[in-house]
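Chains as they are written, first to last, in this note's numbering: chain R, 1 to 326; chain Z, 1001 to 1441; chain B, 2001 to 2328; chain C, 3001 to 3195.
Everything labelled a hint here was simulated from the structure, so no lab data went into it.
Quantities reported herein were computed from a predicted structural model and do not represent experimental measurements.
No residue lacks a Cβ here, since even glycine has one placed at the ideal position from N, Cα and C.
Wrong hints could be hidden among the right ones.
Residues of chain R clear of chain C, computed beta-carbon distances all greater than 10 Å [to be verified]: (1) Ala16; (2) Ala22; (3) Asp75; (4) Asp77; (5) Ser105; (6) Gly129; (7) Val164; (8) Val271; (9) Asp273; (10) Arg274; (11) Val321.
Partial pick of chain B residues on the chain Z-facing surface, computed with a CB cut under 7 Å [said to hold, decoys possible]: (12) Val2006; (13) Gly2118; (14) Ala2326.
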Amino acid sequence: MLDAVFVIGGVGFLAALVLGIAAVTFAVKPDPKEAEVLDLLPGANCGACGYAGCAAFAHALVQDPDTPMACTAVDADTAQRISSLLGRELDVAGPMVASVRCMGSKDSAGSRFSYVGPMDCRAAQLVAGGYKACGYGCLGLGTCEAVCPFDAIHMGADGLPEVVLERCTGCGTCVDACPRGIIRLVPKDALVELRCVSLDSPKVMKGACDIGCIKCMLCVNVCPFDAIDVLDNGGPPVIDQDKCHRCSLCVDVCPRGVIDIYRVPQKVRIVEDRCIGCSICDQVCPFDAISGEPKGVYVVDLDRCRGCGLCVDKCPKDAIVRVGDA
Amino acid sequence: MLSFRGGIHPPGMKHLVRDRAIVDMPLVPLYRVLVQQHIGAPAKPLVKAGDTVKRGQMLSEPLGFVSASVHAPTSGKVRGVENCINPVTGLGSPCVVIEADGEDAWAEGIPFDVDPFSMDGSELISRIRSSGIVGMGGATFPSHVKLSPPRDKPIDAFIVNGVECEPYLGADHRLMLEEPQRIVLGARLVMHILGLSVAVVAIEANKLDAVEVMRKNAPGSIRVEVLDVKYPQGAEKQLIKAILDREVPPGGLPMDVGALVHNAGTCAAIWDACSRGIPLIERVTSVTGSGIREPKNIRVRVGTPLRDVIDFCGGLQEDASKVIFGGPMMGIAQYSMDVPVTKGTSGILVLRSREVDRSSYTSCISCGRCVDACPMGLLPNVLSRLGERSMWEDALEYNLMDCIECGSCAYVCPAYRPIVHFIKHMKALAREASAKKRQAV
Amino acid sequence: MSDGLVVVSSSPHIHSPEDIGWIMRQVIYALVPGAAVGVYFFGLPAFNVIWISVVSCIGVEALLQWLMGRAITVKDGSAALTGLLLAMNLPPTSPWWLVVIGALVAIGLGKQVYGGLGNNPFNPALTARVFLLISFPVQMTSWIVPRPFLLRSADAVTGATPLGAIKTAVFMHGNLAAAGKISLMDLFMGNVGGSLGEISAIALILGGTYLIYKKIISWHIPVIYIGTVFVMTGIFWLINPGVYANPVLHIFSGGLMLGAFFMATDLVTSPVTVFGKVIFAIGCGVITVVIRLWGGYPEGVSFSILIMNAFVPLINRGTRPVVFGAGR
Amino acid sequence: MHIFLHYVLLVVGSALVNNFVLHRFLGICPFLGVSKSTDTAVGMGMAVIFVMTLASFVVWLINYYLLLPYGLVYLQTIVFILVIASLVQLVEMIIQRVSPPLYQALGIYLPLITTNCAVLGVAILNIQLKYDLLEACVFALGASVGFGLALVIFSGMRENLELSDVPGAFKGTPIALITAGILSLAFMGFSGLVK
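All chains, full assembly: derive it from the sequences and hints.
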């Protein structure tokens, strides 16, 4: 029994000795920056970043500036510190999703010729600038679907891609892949989009697509928030997502049906016992949907309310709530 | 016989226009002269709507050295600088639209008669430049650039390319038969500019009558070589290899091995420009293929709409389904009948539906036919598999950028894979990425 | 132009008429003489093996492609060719179920799981043959004596293949004498025991020459493969003719002709460059001889080709052609 | 000559006929894990050749000069693992110093050699087959060369599979295992080569 202990202990000791000497002889000086980054990383070696442990990830971060900050275990503060250590900007924008800006399905926008070649939009674009009658519309060969690493974009039956909002991480791979620049990233909560990017004149557009924007300006004029602007590039109007209140007036007014809203907001109601009759809501409502006597209790005309929420923000007494909320 | 490694033997189909003498295409009411008919920096239009122009008048001014101007094909009134479809890109491109007045009056001062051999090189080069001469084989590279090699890369060998290896086409062949003197004089002028004492005219063995005519007309300093009938014998690098046994290094230009190649038609145009001051406003082109009712070799003004050319050649057959500018191997398929003839339109080919490629392809079976056919020593089988997955970065290691897009691989592929298309696709991705990288730096 | 849209695609706009279907048909034609000799010498059972194999390969391919929701490509003839090759690699007396299992393995495991024609790293027919040889050694090594069609009696007489006889003789007695006299003429014409399609060297050479003439295969693989076997066995025969059979016997016996002309040259699973083909063929030859002379199996053609199939990606990697202009 | 042939047969036997991966099915983890690119496979093969030969040498000495004299053969497995683990650690340090790119490429798989059962397997087989020290080393060399060979061949095939149209359900490890299976069938052809 004792000899067993001695033998294993002895062998172990010898091995340790050799390793100890080797560790000194073959010591590799790590990059000091690497050591610092490594200190900031959690050190759990979970591998979620795709590297063999934190040390390998730290090495990659320092060596290759393109390495994404893929650690899932650090908090925002630490991530910030690591980024500043590496001297790069940390992307602090809110969650984004891909948005497809074309509604010219197979039926609404035809083809100029019959294309023969690889089923890849980028390759098809090389042949006479793409076969679609509209030179700006979605080619519909599904390159965005093929490149999406998260299976978050699918080609619909109408030949247009559909984004699965729950899966989309806003990585932008599809944005880069689309040869016609149709896909862009928008904040996840900004959900009104004019789905057309054509710079064609209304006349050309009418010949090419049944649905594309004809620059009629109705949406620009109807928007109560001045959120829709015209650029001087001849393209469709652009919706400023910061100004937009999702009232969807533009959606209703668009003669081509090319403005899309994902989720119509809930209308509002006034909680009677909180209302002090200050009339602020009446004054801000762009739709004339709130009425009442000063000092009395105001009421919302649900037929007119479009859920823009301006009144909710302005009410000093928090007396206005969304219909669905308690 | 002189040749190169790889290559293919597609059916020549030259018989359709072989014996048809060049005919002048009559004037048409409207010309669309694309401003950009060359490879390189853009040019700026010099005319506006309402201007009257005369035949041979300069319509655009080149911006930069590697650029070329265009000239009015006939006299008339400018309707405007409009957006027309460019037959090369298929996209809209600025173009001077001229309503012909039917008088076809020359611009002042041309044509004239001088002895260009009395002028010196730089004067001739500037004359070539102002005449808007570009490579007429299809590549449309400005000719004056090729004639101005940098000091450290002297040119010691000049080849006149009369190979015309593309199936169907016969314009250069007819030009050599009917107007050999223009070509020979143009070639002598190029020799004069570069100070060369010898030159070679390269002709494929399927045009022995042209060989005979050229030999009869060429002076002793110009040798006529007969080449093996093989595609792509007329590709610049392959031609240099066959004639001079020099290999242009990957990514290099012919001038890197001291060689210069000009198309036979370009030589003729150079002669016209230097001796009579006539800019490049017309060219000889073959209108051919089974889909056209009366195949012809025509002398056509640059800017003539395709529709008029087709009408002049008897119109299309019922089942015509593909119209190609250039030859069947490297030409560009058109979708609009409004596209204009350009300086690089070496042929107009119409194929019938039964000749048009089938639309589906299957997996690569690694038969290696494309590897044997590739004149550049590439592995098209690997490139096509990478291209299917858009893996251009890996493709770069397989010498993606050295591909000359001759189409030999796709021609022989038993799986009907669009190999050239895959390669073009990856090249576009690679160029896009490197442009992005440059922007970032 | 008059009706519908024009076709627009990237160049080139013309295409060689030789497509995959054409290639497969040519190979099938080239195999016909070999198969015919097999039927001539082995009779109806051989014929049954051929049709069962071809039909089940086509059936399995169609079935699997249908199940996977892919385009059904049996029309290109590659499944039929695999079926024919498989049949020619089986003993003429193979029971029907053996053939069907072979077809399942060849098309299913050897081809469709990799994504179909062009994607398979191993020759499907050989994969199936080796699978069967290892799984059903008894059925796969029951040989019968050839009997020309007209002289055929009801009962088949079992016998050995020439290589089997040699192996047994050397193993049991330490020399070749016990294997008896093997007529080279019989070997050449096919009057010997063996797999259905491998017996007649002349028929196979005829078919192979047709393929070379049609430029479907290049001469490099068959000639160098057979040459390597000839040279190597020749050296050992010179050293000790008592134990090692003479090289002429080696090249005309067993599956060498079938393997060299039709299996090693399989387009999908052989290298693409000439130099690669040379390496591949030498490798096949060396492994074949090693297995034949010293291995446990009497015949090594199938194994050697399968093993070299595995090397093909490395060979292709190592034998890239020199890019134009980069040579000097 | 005869002695020399003996060692040649030993190498051929362990490398081809009884290939560790394809015949004994040892070391499957690195075989599947490090075979995605040929370059890494070559590096891994080298590392395994080195570790296996060295480990066999050391372990043989320990077995015959330590365990056997003291009647401690029952400690074989645990002592062997201890020694192999230390050796791998040592090799890792050396590679990190000598060839950082290789170290990066091997990544997590270098420490995994520790748990490569092929290394322990060859050490134990050496004892079981009663090889002498030279034979043991030659056997280990052959076995590891065989392992490396299989790994490199396989990596080439897998690089090609990446460009293949493999059905979704078979992508990745399933198709790799099928390929390994067929490769293993092919290597059966060598059976009987060495008695």
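Verification of the supplied hints:
no.: 1; hint: Ala16; result: 8 Å, violated
no.: 2; hint: Ala22; result: 5 Å, violated
no.: 3; hint: Asp75; result: 26 Å, holds
no.: 4; hint: Asp77; result: 29 Å, holds
no.: 5; hint: Ser105; result: 27 Å, holds
no.: 6; hint: Gly129; result: 29 Å, holds
no.: 7; hint: Val164; result: 18 Å, holds
no.: 8; hint: Val271; result: 54 Å, holds
no.: 9; hint: Asp273; result: 60 Å, holds
no.: 10; hint: Arg274; result: 57 Å, holds
no.: 11; hint: Val321; result: 48 Å, holds
no.: 12; hint: Val2006; result: 5 Å, holds
no.: 13; hint: Gly2118; result: 3 Å, holds
no.: 14; hint: Ala2326; result: 5 Å, holds
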